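Going down the list, the sequences are from chains U and Y.
According to the working numbering, the first sequence is numbered sequentially starting from 1.
According to the working numbering, the second sequence is numbered sequentially starting from 1.
Since the hints were made in silico from the structure, they are not lab data.
Heads up, some of the hints might be wrong.
Unchecked claim - If you anchor each label on the Cβ, the simulated ranges turn out as follows:
#1 E252/U / L19/Y: 36 to 42 Å
#2 L636/Y / T204/U: 55 to 61 Å
#3 A263/U / L641/Y: 30 to 36 Å
What the hints assert, rightly or not - Partial chain U-side listing against chain Y, Cβ under 7 Å, derived:
#4 F59
#5 H234
#6 A260
#7 H265
The structure displayed is predicted, hence computed values, not measured ones.
We treat Cβ as the ideally placed atom computed from N, Cα and C, and that holds for glycine.
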Amino acid sequence: MVDARLLDPSERAAEARHQRGALDLARRLPALLVAAREVAATVMHGVHGRKRAGVGETFWQFRPFVWGESTTRIDWRRSARDDRVYVREREWEAAHTVWVWMDRSPSMAYVSTLAMQPKVDRALVLGLAIADLLVRGGERVGMPGLTRALATRGIVERFAQVLIEDERRNGDTPAELPPAQALAPRTQAVLIGDFLSTPDDIRTTIHAMASRGALGHVVMIADPVEETFPFTGHTEFLDVDSSARLRVGEAESFRADYIARLAAHRDSMREACLSRGWSFAVHRTDRPAAQALLALRMRLEAGQGAA
Amino acid sequence: MFGLPLAFAAPMVLTALALLPALYLLLRITPPRPRQVAFPPLRLILDLPPREETPARTPWWLLLLRLAIAALVILAMAGPIWNPLPPGEGGRGPLLLIVDDGWPAAPTWSQRIQAASERAQTAGRDGRTTGLLVMSEGGRDVLLADAGKTLERLRALKPAPFIPDRLVALPALQKFLSANKEAEIVWLSDSLENSNGRAFAQSLRAAAGDNAIHALMQDKPALAIAGAENGAGALDVRVIRAKAEGPSQGLLRALDMKGVAIGDARFDLGAARDVKARFDLPMELRNEIARVEIVDEHSAGAVTLLDERWKRRRVGVVSGASADTSQPLLSPSYYLVRALTPFAEVREPRAGKADPILAMLDDGVSVLALADVGVITGPARDRLIKFVEEGGVLLRFAGTRLAASSDDLTPVRLRRGGRVLGGSLSWDTPKRLAPFERESPFYGLGISDEITVTRQVLAEPEAGLPAKTWAALADGTPLITAGRRGKGMIVLVHVTADTTWSNLPLSGLFVDLLRRTIAIASESGAGATAGDPANAAAQRIESVAPTRTLDGFGVLGAPPLSARPIPVNYAGGASADHPPGFYGPADALTAVNALTLDAQLNPVDLTGLKLMVDPLQKAEPLDLRPALVSLALALLIADALASLWLAGAFKRGWSRPAAVGALVLLLAGFAQMAPQPAQAQTAPAQTAPINPRDRDAALQTRLAYIVTGDGRVDEASQLGLSALSRALGARTSLAPGEPIGIDPARDELAFYPLIYWPIVADRPLPSAEAVTRISNYMKNGGTVLFDTRDALTARSGGESSPEQLWLRKLLANVDVPELEPVPRDHVLTKTFYLLDSFVGRTTIGQMWIEALPPEAERANRPVRSGDNVSPILITSNDLAGAWAVSRNGEPMYPLTPGTGRQREMALRAGVNIVIYTLTGNYKADQVHVRDLLERLAH
């Protein structure tokens, strides 16, 4: 029979352990960082040029010096070849801002025997990996409500530290949904979580975030048990976030209902996403993380193209 | 109940069993706790209506388990008893308990008392009083008492160590029964006819009228020991029983006076009523036995006590010859021991005992046989004279040592030297024995013609000689003489106890002679010897008081007040006045046993007396409560485990090994409840620490010399023996260690094959103790090489030199064999080198050695040897001085006359001596190699 369990608070809260020592990035998060790096390495994200001169690092063209320009821009090596004076222009490379939000609520700390990883681990791996990927692609990445958009190379470590800080400050009951604040236009949001809140809340949040035209991608992490409901017999179900419990005489009779409810829930979520042009995907923890990361990256690319 | 021997203390509780169906229903609708599963998306279905809420039923097996627990608890509360006691017969009058309390009742005593107590309690519950008639208390009147008093009396009862006479109790019984017509009678019988079982039963029947009489018989007949006999080869113990039923096998245990187990013997009665068990033990051990008992049969009858009468006479055998255990046939004591063993307990001194004669006397022998012991001096002589005068018998055998010495511990005066018959220097042929005179104690013994005497010591002819002669040769010379001294006697056999002088020790006559001699020893004169103090005590006193007596259970203890002294030579069994036990003073105990040798145990015959015969106890009542409660507890634990399992507790958190471990711990906890047998601790054996010097000496063969205290002599000894050791290492296969200087008074001598003793005349003589040790060393196979170093100063035939006098004084107290100058064909001259003489710094001195036995007829052998290594060598040539070389290899001392090969010849002499001490007569055999090879070739 399938068995599932909740992680202990100490297991779930990567950060709780970090409270004990500054260098104590010991147990899960470092492993997650490595995993995130590894996953990110498989999915390369190129810097996307603007096909015109501007602020950037790549050579674009030499053009004649115009009177009145700053002389520091003159490329003396090129200018020495003939009588004219040239200015080296670089291609304009503009960075996007992507907001990554990872759900760390108690319901995420859940793993069944069928899953490869707890949901929270998978969410962290995915979120950190996409952040790493984006930063290496030249984008700026931030966590809503926690950091501003950053483009530092050690973005993964930075995020990890911030997460630890957050846990330390706010305890181990993070919110189930991202802060419902409008994001700036031309930014993108990546929301990773199990989204088991009521559909209305989710819809409100998404609409609020997208109110200024930001695009977003929602990845719903699900444990296989949550999709298949493989329980039988006399069972008492316990809720994770609340103290609600449900005693069921024969669990198997609930399967069909549950699956229908779940489908409805996802439909409403998808509808809420699509109505704002956001993408919606479901990722199960019995699948490799790279799969979800690749899909996410492609959708991000598409989102950029749309922008 | 239900035909089963089952009863309940509180049967009403059983009605609670009716509640079980209710419990069944209750359990059925309260299922075990469901499996709990955390489920994050629960919110999605939280509002679903309960579809089929009828829970899974409690599994049938869990239901059964719980019902079983409940049923067990109810049953346990009802107090079930297996094999309950029969309820009281409910007589109207008082209860009369008649208790047989002789020793046959002892093995079942607790059951007996319990049965009696239960009867008394039952009667007490019915409000009846109880009278108690105890057989051993005889004619005391029976008094009625309530249950409490009776119980108290019963608990205080102990079985008597004898079988009381039942008829004594009859008057009191009849009196009681005539006063209490309706009494219920219970007779706790020991089932034996002994002491009038049937007569008593008949009288009881007559006195009781028509009242019921319950006779409680013990079903397992008591085992008893009826006497023991210390035979020639073993101690025979007779085990008897009344009926040929019950367990027939058992174990007898023999213990000594201190209660230490000496041996065990099995017995198997089979279908018989008596059997003889046999303790096949050495005689020494058998004589130690003071008590034989049947193991686990706790009664006075199962114990028999042995006193001096069961002991075999002790004969000490001391030989003057050197001990050589590898050649027993050469030792006189061998023949003596073999001849004495069938009828006496033979004691021999242990090897290395300081003074064997004293040791033997200390051992308490009644006859002391001295085989060829020449001189007896010092305290040994005084003790020996005292021993004989107090009634001991001294049996001496002649030999070379006796022939050479003068001694007054002989019945007749002896001529020195004796005579040799049939030797090469004698005209006479070996003599035969004359028939025994009528006055001789040996009269009647047959004489074989094969017995010849080739050599003997001669008695000085004197007035009383014929009267003292017990046996004589055909020519009238006395062969065995005896004389009284004090209460005791000295017997002298004029030949050796081995076969060198006569073949008498090989004949059967020898055994008979010894047997008669020792029989005389115990009968004659005072009739008592020092070794038999019981009889000596019997001479003076008429009766002996009890010292320690057996109680009914067969345990020795202080005698009861009622115990009376027994007359001397009391032969009967135990009685009330004379309980079994030891009587008399501690050194002359007389044993009285519960059963005499011919005793029988017979079952009582109660047919035709209308007695209700019941076994003493059918079976032990068994309270089933603890068993039921523990079973319920175990099931409860199983139920808890099952419930946990159903709730999924073992799915996580509890790994399988942990669960198994917990279970094992639980079981171990149960196992701990069983009582642990006490474990005896054995104390580690104590051994004395070994002197490192002795250890080194034991690990490597090395030469030794006696430290005289004269620095120059000791240095010469050390250097000389070093040089000799080196020569031995270089020339022979012997590689001796560095020589060592020893002090005979202090050091253990046993490790050294040869001790070199240079004589320094002005040193004090060694202490008597040291001389004894030297003497012992020589007796036990060591060789001492005395070197007087006086060849130049001493003159043969002239005055003795101071060294010679010193040596003579030293050896005065040592048993020295006959000596002779080393013959030319002595094996000593051929052990390694072929030597003519044994030279040292001087050449003119003579080497003396133990005299070889007279030459055999076929004297064509090139070499002769004794049967052992000579314990003593005496030279005057200063051997060590000739051997000694300084550190840089130069000779230390000049030689006289100092011709070229003298030093080499001295070394060769030393090599020969050492090899002789190590190999003995082996070279004497080697010289036959050529003959042997020739014979083999044919």
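Each hint tested on the structure:
1. E252/U / L19/Y: 36 to 42 Å: The hinted range 36 to 42 Å holds for E252/U and L19/Y, with Cβ atoms some 37 Å apart.
2. L636/Y / T204/U: 55 to 61 Å: holds (57 Å)
3. A263/U / L641/Y: 30 to 36 Å: The hinted range 30 to 36 Å is violated for A263/U and L641/Y, with Cβ atoms some 42 Å apart.
4. F59: violated (53 Å)
5. H234: Constraint on H234/U satisfied, holds at 4 Å.
6. A260: It is violated, given that the least Cβ distance between A260/U and chain Y is near 10 Å, above 7 Å.
7. H265: With a minimum Cβ separation of about 6 Å from chain Y (threshold 7 Å), the hint on H265/U holds.
In summary, the numbered hints that this structure violates are 3, 4 and 6.
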